[in-house]
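Protein chains: 2
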Amino acid sequence: MASSALFHPNTSSLFHKTKPKAAPQKPKLYSFPVIACSSSSTDAGDSSPSLFSSLSHNHKNRRPAEENIRDEARRLAQSHNFSAKYVPFNADPQSNESYSLDEIVYRSRSGSLLDVQHDMEALRKFDGNYWKSLFDSRIGKTTWPYGSGVWSKKEWVLPEIDSDDIVSAFEGNSNLFWAERFGKQFLGMNDLWVKHCGISHTGSFKDLGMTVLVSQVNRLRKMKRPVVGVGCASTGDTSAALSAYCAAAGIPSIVFLPANKISIAQLVQPISNGAFVLSIDTDFDGCMQLIREVTAELPIYLANSLNSLRLEGQKTAAVEILQQFDWEVPDWIIVPGGNLGNIYAFYKGFKMCYDLGLVDRIPRLICAQAANANPLYMYYKTKWQEFKPVKANTTYASAIQIGDPVSIDRAVFALKNTNGIVEEATEEELMDAMAQADSTGMFICPHTGVALTALIKLRSSGVIGPTDRTVVVSTAHGLKFTQSKIDYHSNNISDIACRFASPPLQVKADFGTVMDVLRTYLEKAPK
Amino acid sequence: MASSALFHPNTSSLFHKTKPKAAPQKPKLYSFPVIACSSSSTDAGDSSPSLFSSLSHNHKNRRPAEENIRDEARRLAQSHNFSAKYVPFNADPQSNESYSLDEIVYRSRSGSLLDVQHDMEALRKFDGNYWKSLFDSRIGKTTWPYGSGVWSKKEWVLPEIDSDDIVSAFEGNSNLFWAERFGKQFLGMNDLWVKHCGISHTGSFKDLGMTVLVSQVNRLRKMKRPVVGVGCASTGDTSAALSAYCAAAGIPSIVFLPANKISIAQLVQPISNGAFVLSIDTDFDGCMQLIREVTAELPIYLANSLNSLRLEGQKTAAVEILQQFDWEVPDWIIVPGGNLGNIYAFYKGFKMCYDLGLVDRIPRLICAQAANANPLYMYYKTKWQEFKPVKANTTYASAIQIGDPVSIDRAVFALKNTNGIVEEATEEELMDAMAQADSTGMFICPHTGVALTALIKLRSSGVIGPTDRTVVVSTAHGLKFTQSKIDYHSNNISDIACRFASPPLQVKADFGTVMDVLRTYLEKAPK
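Line by line, the protein sequences are chains A and B.
Sequential numbering from 1 applies to the first sequence in UniProt numbering.
Sequential numbering from 1 applies to the second sequence in UniProt numbering.
Okay, chain A solo, but in the shape it has when bound:
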């Protein structure tokens, strides 16, 4: 039975608090963690708990009660020499165009995309084992800001930002799920994985990039740069992530949406997160046009999809996959592609791990597009000879319904440098793949259905082998796409057979009837 001193008996007493009221130790001089060496003990030793044994277990300073984790990070902050800057994407080696990350700039002088370039020489002063140990030491704890899967790689993301300026929901660290049954049942594969980036704070992978963008905006505001708020025109995951991170930081977020074109379910995240949501009497292109005009007049930072800061956060998902595999490199990564920033972000994360000696190769990348919005696939089919934007048709994979992707050059660069492949999925294929995956215990979004279709095709053609370690990137939680699943299982989609639909069975509330139905079912069920 519990003794009376087991719990802290009342809030005014300090007697049993193990959290001291004043910092007992000086800040460490060297902030990069030295991995604690603790050997396992098999002694049947004294197991009676004591304050001392608890304190001696971990070698960090316990923070005083008045101090929050942000204060603690400030107290322990150390200087280093890492830095990063904006350069034009894939710039001519002769170019010396660059910008501080503290400038508000979205495109290069020539109008091309920007890229965040890290000082690789400074990072290379530490070897691959150092980085692996450092990143591994930060997992599973709540130390600010390293409890985040993005900021646990802070030196590779925004090295110069003060931890105090970071806006984080401890994003990342998402489930790398072993798709045992799906692999075995549908593909004859034994090493198939789904990186569930959508099992996250706002329900999509956008959190990874948005924590970086909003943190940098937070820094700019503290530097008194003119940023009164952050704006976007989006019907989906971007506005949800933007408004959540702005809300956490107390930064105004502004979302432009076409009136009567979207459901209130699509609005519910920005509204709940207190964004200033303007429902405008126009279509989506009209909203985009208006927000561009408005941000030219007002100092509102534009959280658009060409923003290169966001890719720095997204690339950490690649590092995280390697880390979760204990730094063994998978053979294939399959990423759904719409605006095409994410496939480049994955390339960048893997390439950085290779360049800094954490791994000795990188995976081949596969980009999966909906056939209804497949400009990259068409380009790939011409062997990268001719790119033509397409008119995107409606697809259940709504977040990748994009005909003229802003990051086309980034994606091609990533694919060329990884011997990459592009595949496409029809509506029937992607919905069937989603239903098949769900039937094995997942609950995925239609975009993941697109990626799984690519896998099915490449496995079927023998390009992907049965024992190839393959990771499918899942970009949103299935809970955001329940209507598409309802449509499918209700057999309510024109032109689609819904072969894997599994509707409920209507039964009378009668014991005999229920028993008959169950017996029939169980006779056919797996034993």
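No lab work stands behind these hints: they were computed from the structure.
One thing to keep in mind: the hints can contain errors.
Since the list gives no way to pick out one identical chain from another, each pair is judged satisfied if it fits inside one copy or across any two copies.
[As the list claims (entries may be wrong)] Below, computed lysine-lysine pairings styled on DSSO-like, alpha-carbon distance capped at 27 angstroms:
(1) Lys154 to Lys141
(2) Lys508 to Lys383
(3) Lys222 to Lys524
(4) Lys141 to Lys184
Predicted model, so just to flag it, every value in this text is computed and none were measured.
Fit chain B to the given chain A structure using the hints.
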């Protein structure tokens, strides 16, 4: 630029694969991990990657390509002396009634609840530091089954199950979110946390318990015990979790639901996961009655809420909280309570950490109930003198709308032994708290709103102090409750003022109008 050998060039070549095709090393003799000692290096050493440096970094066996992680676990499996059994809950010390976990038994001979009792003497042969190091060593990787937050504590959960029988989605390891802004803005608190158990595979904390129940059922089926499937009568999270885990294992799951009483959105998870869903022409109590009758006739395992196996999984969330705090103990844990199993599970997890020397005290527990379904609160108010079931009225916190909780005795035991508190929340209070939390960047479910209301009240009365480290347990993803948020922000709930509603603003598609609206908003916005 990448060299041509950077990626694995084609699938038939083995040259650059670091994953050997045959196991190169003998299995280790001692399977409990010895924490690897690696010191950080500041040398500007050779950063060129090599196969050797990569292999030397981690000391585990690389598994051959033909082997999946389940095979690897089988190869490395070791014997130990840990065990557990069913005993009557809070049994008389004289009682010798007990059951093997391999028996199918739901209640004791006298009809009381069961409890899984571990052989604490066997576990005590290892001290607290051993367990902390063991659990910490399993975080952030994909080793079977320890990549799961539940099974990383396997020795404390189902010690005797073969890893091969485990059905896991790598559940757990959920975000322990620092609610910085909510704490600061609404409560003057600096150390407030939300354990987001609902940011999970099926969107609720039920995954934690269901992986244990379905794994044990999987074991029983492999032992040829008569279990043709698993059944439940549930409209919500339980049926979702049950069907997902059964789907992953290929075990038939059977869900009874009242026809015309629930929305198809509530059905979409079991249907997608291929459960056999019977929509029965009766109400919820009628479904419960029918499934009890059916499971008395057919060998269908009943996944009901009195099941004590599920609590073994749920208790790992308590261990995980301590682990995420680097084994420092918070002052308060607030858990929403309906059927009341979860509050006992948290107690059990904390108590086990105390008894085995991982920590030197345990937190005080607070159970939060909806005022519309508050039998525990009423009982607490009588100083535990008189328990009366109540008629549960409709509440937005639908998963805890229970008037006669099955785990009442478990909850009272947990609260008495932690100097616990019970609070309640009206519909207006819980919806306001949800909206307030969302406005600071969260996206919580109404049950979490109940828990936050308890916090607000206890903070306001001074019971919880401004620097008390407090953890609110969030049990489901807000994405499961978008309709309640839409109702609130549309000001569409009778009897509730919806004080924090933040509806979108309708604007004409005109630059001048939009600018005027934005300027007015930005004048009042935080700078």
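Please write out, lowest number first, the hints stated earlier that are contradicted by the structure.
Hint check: 2 fails alone, others pass.
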